[in-house]
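Protein chains: 2
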Amino acid sequence: MVKELNPSIRVLMGPGPSDVHPRVLKAMAKPLIGHLDPQFIQIMDEVKEMARQLFQTENQITSVISATGSAGMETCFVNLLEPGDEALVCVSGVFGNRMCDIVERCGAKLIRVDAPWGTPVDPAKVKEALEKSNPKIVAIVHAETSTGVLQPLEEISKMVHDAGALFLVDAVTSLGGTPVKVDTWGIDAIYSGSQKCISAPPGLSPVSFSPKALEVMDSRKTKVQSWYLDMSMIRNYWAGAKRAYHHTGPISMIYSIHEALRIVLEEGLEKRFERHLRNHQILRDGLESMGFEFLVAPDYRLPMLNAIKIPAGFDDAIIRGRLLNEYNIEIGAGLGEFAGKVWRIGLMGESSSLNHINMLLSALRQIMG
Amino acid sequence: MVKELNPSIRVLMGPGPSDVHPRVLKAMAKPLIGHLDPQFIQIMDEVKEMARQLFQTENQITSVISATGSAGMETCFVNLLEPGDEALVCVSGVFGNRMCDIVERCGAKLIRVDAPWGTPVDPAKVKEALEKSNPKIVAIVHAETSTGVLQPLEEISKMVHDAGALFLVDAVTSLGGTPVKVDTWGIDAIYSGSQKCISAPPGLSPVSFSPKALEVMDSRKTKVQSWYLDMSMIRNYWAGAKRAYHHTGPISMIYSIHEALRIVLEEGLEKRFERHLRNHQILRDGLESMGFEFLVAPDYRLPMLNAIKIPAGFDDAIIRGRLLNEYNIEIGAGLGEFAGKVWRIGLMGESSSLNHINMLLSALRQIMG
Numbered sequence: 027m028v029k030e031l032n033p034s035i036r037v038l039m040g041p042g043p044s045d046v047h048p049r050v051l052k053a054m055a056k057p058l059i060g061h062l063d064p065q066f067i068q069i070m071d072e073v074k075e076m077a078r079q080l081f082q083t084e085n086q087i088t089s090v091i092s093a094t095g096s097a098g099m100e101t102c103f104v105n106l107l108e109p110g111d112e113a114l115v116c117v118s119g120v121f122g123n124r125m126c127d128i129v130e131r132c133g134a135k136l137i138r139v140d141a142p143w144g145t146p147v148d149p150a151k152v153k154e155a156l157e158k159s160n161p162k163i164v165a166i167v168h169a170e171t172s173t174g175v176l177q178p179l180e181e182i183s184k185m186v187h188d189a190g191a192l193f194l195v196d197a198v199t200s201l202g203g204t205p206v207k208v209d210t211w212g213i214d215a216i217y218s219g220s221q222k223c224i225s226a227p228p229g230l231s232p233v234s235f236s237p238k239a240l241e242v243m244d245s246r247k248t249k250v251q252s253w254y255l256d257m258s259m260i261r262n263y264w265a266g267a268k269r270a271y272h273h274t275g276p277i278s279m280i281y282s283i284h285e286a287l288r289i290v291l292e293e294g295l296e297k298r299f300e301r302h303l304r305n306h307q308i309l310r311d312g313l314e315s316m317g318f319e320f321l322v323a324p325d326y327r328l329p330m331l332n333a334i335k336i337p338a339g340f341d342d343a344i345i346r347g348r349l350l351n352e353y354n355i356e357i358g359a360g361l362g363e364f365a366g367k368v369w370r371i372g373l374m375g376e377s378s379s380l381n382h383i384n385m386l387l388s389a390l391r392q393i394m395g
Numbered sequence: 027m028v029k030e031l032n033p034s035i036r037v038l039m040g041p042g043p044s045d046v047h048p049r050v051l052k053a054m055a056k057p058l059i060g061h062l063d064p065q066f067i068q069i070m071d072e073v074k075e076m077a078r079q080l081f082q083t084e085n086q087i088t089s090v091i092s093a094t095g096s097a098g099m100e101t102c103f104v105n106l107l108e109p110g111d112e113a114l115v116c117v118s119g120v121f122g123n124r125m126c127d128i129v130e131r132c133g134a135k136l137i138r139v140d141a142p143w144g145t146p147v148d149p150a151k152v153k154e155a156l157e158k159s160n161p162k163i164v165a166i167v168h169a170e171t172s173t174g175v176l177q178p179l180e181e182i183s184k185m186v187h188d189a190g191a192l193f194l195v196d197a198v199t200s201l202g203g204t205p206v207k208v209d210t211w212g213i214d215a216i217y218s219g220s221q222k223c224i225s226a227p228p229g230l231s232p233v234s235f236s237p238k239a240l241e242v243m244d245s246r247k248t249k250v251q252s253w254y255l256d257m258s259m260i261r262n263y264w265a266g267a268k269r270a271y272h273h274t275g276p277i278s279m280i281y282s283i284h285e286a287l288r289i290v291l292e293e294g295l296e297k298r299f300e301r302h303l304r305n306h307q308i309l310r311d312g313l314e315s316m317g318f319e320f321l322v323a324p325d326y327r328l329p330m331l332n333a334i335k336i337p338a339g340f341d342d343a344i345i346r347g348r349l350l351n352e353y354n355i356e357i358g359a360g361l362g363e364f365a366g367k368v369w370r371i372g373l374m375g376e377s378s379s380l381n382h383i384n385m386l387l388s389a390l391r392q393i394m395g
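Listed in order, the protein sequences are those of chains A and B. According to the working numbering, the first sequence holds residues 27 to 395 in order. According to the working numbering, the second sequence holds residues 27 to 395 in order.
Don't read these hints as lab results, they were simulated from the structure. Note that this is a predicted model, so its numbers are computed, not measured. A few of these clues could be false.
Unchecked claim - Derived DSS-like pairs (lysine-lysine); straight-line CA-CA distance at most 30 Å: (1) Lys268(B) x Lys56(B); (2) Lys297(B) x Lys151(B); (3) Lys207(B) x Lys249(A); (4) Lys56(A) x Lys158(B); (5) Lys29(A) x Lys158(B); (6) Lys184(B) x Lys268(B); (7) Lys184(B) x Lys29(A); (8) Lys29(A) x Lys56(A); (9) Lys247(B) x Lys135(A); (10) Lys367(B) x Lys247(B); (11) Lys297(B) x Lys247(A); (12) Lys135(A) x Lys135(B); (13) Lys74(B) x Lys247(B); (14) Lys238(B) x Lys249(B).
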């Protein structure tokens, strides 16, 4: 017989999941109710309202996809693209590449604007690409989790709207840890994940769509290729006058994000963003004093995800293995071209604390000498 | 500020979610670990092995989709169908219709075999349709949650294989409550849901694919239209020698199904199926003694979902509302053509008990006189 679960108490300092507050774990263990229970409808309404505050938006169509951030990404593309449409995707890491993969699966024409991994995408290159094309959407990653780059959005947003396109943004890692101003920045479609700076368990993806995006969805000629991610039905479940059954809402997970969002808003967005920035600076100073170098130039570093170069002479897997097995600390490996060369240290949500920083720096000193 | 969650303690006797054991709620509240943590990989392996026992299969490709049962449905279709393929779908309720919708979204040619709602699909009609077509897959719902019909599968399975097609089965409501013999019955692709007879919270979909289905997936000419549900990547995360990152696994939900599957196997499949059948008979006798009539003929009734006709002169919404508000008991409304005419009473997993039956029958007597 399989034994009862007994997971170790890990210190989660990778690219997500981040540590969750005991209040969030406790919320998940609350009594299950039905997915059409009036009490659950109220919980969904509260989650929507709190998600709007976090996204800094008035968007009516703001809800939570019943699957992880990658499903949120797919939701945005499959609802806005139809076969034959053009989509311009800015790529500077794994998640930009994933967007391209999804665009092609939509039967849309892909236009790529690439930047070297570890740098942001240059607005001038986006402008150039927009002059030669006529995309329906322009997509970009706000916080590229694979490289630790924070992508400035405002200048590109303006170009996108001048070109008459919709602006689609990946905020999986940024939301809840750094400002994400959906309305001010003119973002038309955005998705995030529950397990990063919101500090809920993985499994949910908050999304939001502007009225303009909604118009585009409402004037589709073809059905959305994914039944599960079809916003025309999901929004009737999340926002319809009579809540229509679509799929069975993931009750316990919604409990968890409800409590996590309450914690985010109790702290306050500005304070939370300052905490993430301050802790990033403290970690940075500590790492630099030990001789580590950052992958990303100072102006474009994410506060919640620190990509550092593994010093010559040290083995990636051995050191991460020792951190996990001897200290219960998880940090992230490099992805793609940075595999074996870079570590990704997360300071997300509950994991963005002085104690986390001190545990990690002390352990690294003890292991690396 | 939004207040802390305080859901009522409901008695869940609808079409799912069912009640969950406190051990399952407790498992969800266990410390979060990373989705690539060796401890989590072991947990995934244990879940896979337990799911194989429940599906009664040796299928190597047996895993859990990180979304609800409807996403499991979509997973089976999008991985097996390519544009232009033919798919034959047997329809006798909401979930057969949902299959048709997904087939069309795959760009496949749909052939329908319909049966009146409340009856099973006639194998002779399937045979007739197979003689006039050449489908790649034949799909059918084992337990039609919208009508309470148990569909016999063995005779149809033989026809499907004689015709050289793959046999795709919806076992969302049946798995864990009545025998589902994937290998013996020659099922090539099957999906279920966590929140019915497995009695875990909603949010996960166990799936399994036969070696023949795997061959079909491996010889695709086009990419699977859904990135999130692409089994060629999901299986590398769930079963690859080196577990490759695809999406972030929903850790806490996997904890919940791990514990729920342990409980299922502790009871033993045969005993569990007997319990579901016996409790269905006791509920049936009680309801019939009160004058209720079943929608479905005796030979085809589901043990875990009892569809009964609402007697003339009683208002659907008022009585369900009183059950919920005065007794905390949830039962299911009718769907589609049965809205307002039928109630669906679930006796699934933890909700299949003498006490549940007695609570409901007593409450109905008190309300309906």
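Okay, the hints, checked on the actual structure:
1. Lys268(B) x Lys56(B): holds (26 Å)
2. Lys297(B) x Lys151(B): violated (35 Å)
3. Lys207(B) x Lys249(A): violated (35 Å)
4. Lys56(A) x Lys158(B): Roughly 53 Å between the alpha carbons, so the hint for lysine 56(A) and lysine 158(B) is violated.
5. Lys29(A) x Lys158(B): The hint is violated at about 52 Å.
6. Lys184(B) x Lys268(B): The hint is violated at about 37 Å.
7. Lys184(B) x Lys29(A): violated (39 Å)
8. Lys29(A) x Lys56(A): holds (24 Å)
9. Lys247(B) x Lys135(A): holds (19 Å)
10. Lys367(B) x Lys247(B): violated (47 Å)
11. Lys297(B) x Lys247(A): Violated - the C-alpha atoms of lysine 247(A) and lysine 297(B) are around 52 Å apart, more than 30 Å.
12. Lys135(A) x Lys135(B): This hinted pair holds, its Cα atoms lying about 25 Å apart.
13. Lys74(B) x Lys247(B): holds (28 Å)
14. Lys238(B) x Lys249(B): Holds, at roughly 18 Å.
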